[in-house]
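Chains as they are written, first to last, in my numbering: chain H, 1 to 383; chain A, 384 to 766.
These aren't lab readings, by the way, just hints derived from the structure by calculation. Built from N, CA and C at the ideal position, the CB exists for glycine as well. Treat the hints with caution; some may be incorrect.
Across the chosen pairs, the derived CB separations fall in these ranges [claimed, not checked]:
{"hint": "1", "chain 1": "H", "residue 1": "S327", "chain 2": "A", "residue 2": "D738", "range": "28 to 34 Å"}
{"hint": "2", "chain 1": "H", "residue 1": "I49", "chain 2": "A", "residue 2": "D606", "range": "56 to 62 Å"}
{"hint": "3", "chain 1": "A", "residue 1": "A439", "chain 2": "H", "residue 2": "D54", "range": "40 to 46 Å"}
{"hint": "4", "chain 1": "A", "residue 1": "A700", "chain 2": "H", "residue 2": "S236", "range": "39 to 45 Å"}
{"hint": "5", "chain 1": "H", "residue 1": "I49", "chain 2": "A", "residue 2": "P419", "range": "16 to 22 Å"}
A few chain A positions that, by computed beta-carbon distances, are all more than 12 Å from chain H [stated by the list, open to error]:
{"hint": "6", "residue": "H495"}
{"hint": "7", "residue": "P498"}
{"hint": "8", "residue": "S509"}
{"hint": "9", "residue": "G529"}
{"hint": "10", "residue": "G579"}
{"hint": "11", "residue": "R727"}
Stretches of chain H that chain A covers, calculated by requiring three or more beta carbons in the stretch to come under 8 Å of a beta carbon on chain A [as the list claims (entries may be wrong)]:
{"hint": "12", "stretch": "21-27"}
{"hint": "13", "stretch": "110-116"}
{"hint": "14", "stretch": "201-209"}
{"hint": "15", "stretch": "238-252"}
{"hint": "16", "stretch": "335-345"}
Spelled out from the first residue to the last, the chains are:
Protein chains: 2
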Amino acid sequence: MTPPMVGIIGAGQLARMTAQAAISLAVDTKVLAVLPTDPACVAATAVEIGDPNDPAALQRFVAGCDVVTFDHERVDPTLLARIETEGVRVRPSAAVLHFSDKAHQRVELAAHGFPVPPFDVVTTASEVVAFAAAHDWPVVAKTAVGGYDGRGVFVLENRDQAVATIGGLAGRRVVVEPMLDISAEIAVLVARRPSGDSAVYPMVETIQHDGICLETIAPATIDPDLRTQARNIAESIAETIGSVGILAVEFFITPDGVIVNELAPRPHNSGHWTIEGAITSQFENHVRGILDWPLGDTSLAAPAVAMANILGGAPSARPDDLPGALSVSGAHVHLYAKPTRPGRKLGHITATGPDQTVALHRARTALAAFTGTPMSKGTLHDH
Amino acid sequence: MTPPMVGIIGAGQLARMTAQAAISLAVDTKVLAVLPTDPACVAATAVEIGDPNDPAALQRFVAGCDVVTFDHERVDPTLLARIETEGVRVRPSAAVLHFSDKAHQRVELAAHGFPVPPFDVVTTASEVVAFAAAHDWPVVAKTAVGGYDGRGVFVLENRDQAVATIGGLAGRRVVVEPMLDISAEIAVLVARRPSGDSAVYPMVETIQHDGICLETIAPATIDPDLRTQARNIAESIAETIGSVGILAVEFFITPDGVIVNELAPRPHNSGHWTIEGAITSQFENHVRGILDWPLGDTSLAAPAVAMANILGGAPSARPDDLPGALSVSGAHVHLYAKPTRPGRKLGHITATGPDQTVALHRARTALAAFTGTPMSKGTLHDH
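Work the whole structure out from these sequences, hints included.
Structure (structure tokens):
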């Protein structure tokens, strides 16, 4: 069999781990990178340097690819749609990638009857004020595009903050929603093939701080009815929008039940635990899905699996202690080889265990050894 | 931390899987390959083309490596020893690599009192005949160097065969031993650091055919006393010879107890199952060991783990069916991207299960789907 060539637009850690997984299947990967030092370049079969929003660079890149996918959403969907009409297999499709626009996503999910928070899509402070009049301050405003890891998300306490913040966004579309009463955040990953077959990963609880995912723990220990609800909603969304490869669906658990927070049409931080913690990793299943190959078993490979992100420390932080982290039995360290910057995701650590508490303790112990900072004090909602 | 650079002499499947594992730790790898299409080239950070037995090529290759290791034994130990004296960190050492010489290995193990078969190191047919006079025909003759996967191993039934075979070896050293009464073959992998710390993997049973390892199954279901014996011997050999990284010790189970068959001072086919089947793979532990980093947990990650090698079929064989193999739930396919040749190791398939029988059945089912040939009929010694 001639190995298929998968083109990945973007060369960050998601592309890095996807390319690493593709090696086992002898699937060739080519990444479209900004710099030759981007995280995925060492793992990919081939590297092209270019701007995905430069039509000529994109055209050059997709030539010779059996299928094109991405590790980030900073690609113009209309450009992708044009490439698609020229016969390039883009998976997930440009239409699905469009769902990374938070406004489009929210409007579409609501239109299909999926549970979303009350919301409005606005561009002016006065619209925010009108929304707050109906729903009370504070409100949460999220830029429709360009936000990640807490960037582009604002908690607005009053009219003055709304004016200052929305004024600073120069007319960009913003999704505004009430400050919800959230007891937990969970994520469900769905792997799907073009044929429609899908496989759902066990639900994880995500522990966030300032909008950045710090830790995940699988399986999430939430009410079985809510779990079933969330699982069904995630699968139904994947089918409704026609996702291919991995789709991550993030939920809020509120007094009103599960509410869809956000979608990401690609491998996702909330699924990094699957490398060691599931029978088949999200990265391998993304590759299988976009190549329309049978999906792998998504079951847990251990009773409980915890993942802790390695975030860049202050410039004064002591050097990382990788051997220190490796001395924690059962800790799996994944480094992305990215230049450090405070708060930047530089890697993650996964640990399995007989239960959630033990797994989380192992992951945190290894993280503390790595960074030399005290162990995280965040707790699971019900531990 | 500046990523360490690991140089790997050779670019076959062992280097490929080592480089793939190194990505997680952000350890850079450079392989010394024969061809740019060698299996490891896609996974390594850097590739150099050259002959490891060309002193100039080897000198160029080791420059800039923090540590040098290998994926095959076809390197001149004296050349490596010279490089070592120049201050290059070769791990395992040239002295350990010398143990891949079957005659040296046998003589040294016997001298240290480890259980080995009766043997002689010979170069002539008349010495073989003399050995057979003491031990009876048939005898087994193995070339001291250059043999692998059954090549260089000969069962000699009588004087005529001895004359024909040994005559054809043009004076090469040969280890001769009696035809043993073998009830099972097992392998024990030991990971070791220069500091002396070591970690032992659960014992596997290997199922061989014509000297080629077809399948492995972990854990081996042999008598606990023999298991303890073999484990202790393997650890003791690792310490005695000062191995660093992975050392594979292959044993015969005979009516006289466990007997050491052969050593391999590197990651080994009998440890491929550890990628999914152990908490830490042999490849990651090889990297950790040669970098003198803490070794990872070698425990089983599932109750039972089976591995089946994918061997090249006849030229008339139908094309491989990767999607077919992936449709077997829980099957992990690893392809080495090597040109096919009858009997050549082209990849392997690992499956876990609640017990050895189920795991082996899964691996065989996936292999049969991949190759389109009927399932292997080989059985475990006691299943």
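The stretch 21-27 of chain H covered by chain A? Criterion: 3 or more residues, Cβ-Cβ distance below 8 Å. holds (count 4)
Non-interface claim for R727(A): all C-beta distances to chain H beyond 12 Å? Consistent with the label, R727(A) stays out of reach of chain H, its closest Cβ about 15 Å off (over 12 Å).
Are at least 3 residues of the stretch 238-252 of chain H within less than 8 Å of chain A when you compare beta carbons? violated (count 0)
Take a look at whether the Cβ-Cβ distance between I49(H) and P419(A) falls inside 16 to 22 Å. holds (21 Å)
Count the residues of the stretch 335-345 of chain H with a beta-carbon closer than 8 Å to any beta-carbon of chain A: does the count reach three? holds (count 3)
Any Cβ of chain H at or closer than 12 Å to P498(A), or is the non-interface label fine? Check passes; 32 Å lies beyond 12 Å.
Per the hint of 39 to 45 Å, is the separation of the Cβ atoms of A700(A) and S236(H) within bounds? Since A700(A) and S236(H) have Cβ atoms about 43 Å apart, the given range 39 to 45 Å holds.
Hint check for D738(A) and S327(H) - Cβ pair distance inside 28 to 34 Å: holds (33 Å)
Closest CB of chain H to the CB of S509(A) still more than 12 Å away: holds (49 Å)
Confirm or reject the statement that G579(A) sits farther than 12 Å, beta carbon to beta carbon, from all of chain H. holds (15 Å)
With 12 Å as the threshold, tell me whether G529(A) passes as away from chain H on beta-carbon distances. holds (28 Å)
Report holds or violated for chain A covering the stretch 201-209 of chain H, Cβ cut-off 8 Å, minimum 3 residues. violated (count 0)
The structure is inconsistent with the numbered hints 13, 14 and 15, although it conforms to all the rest.
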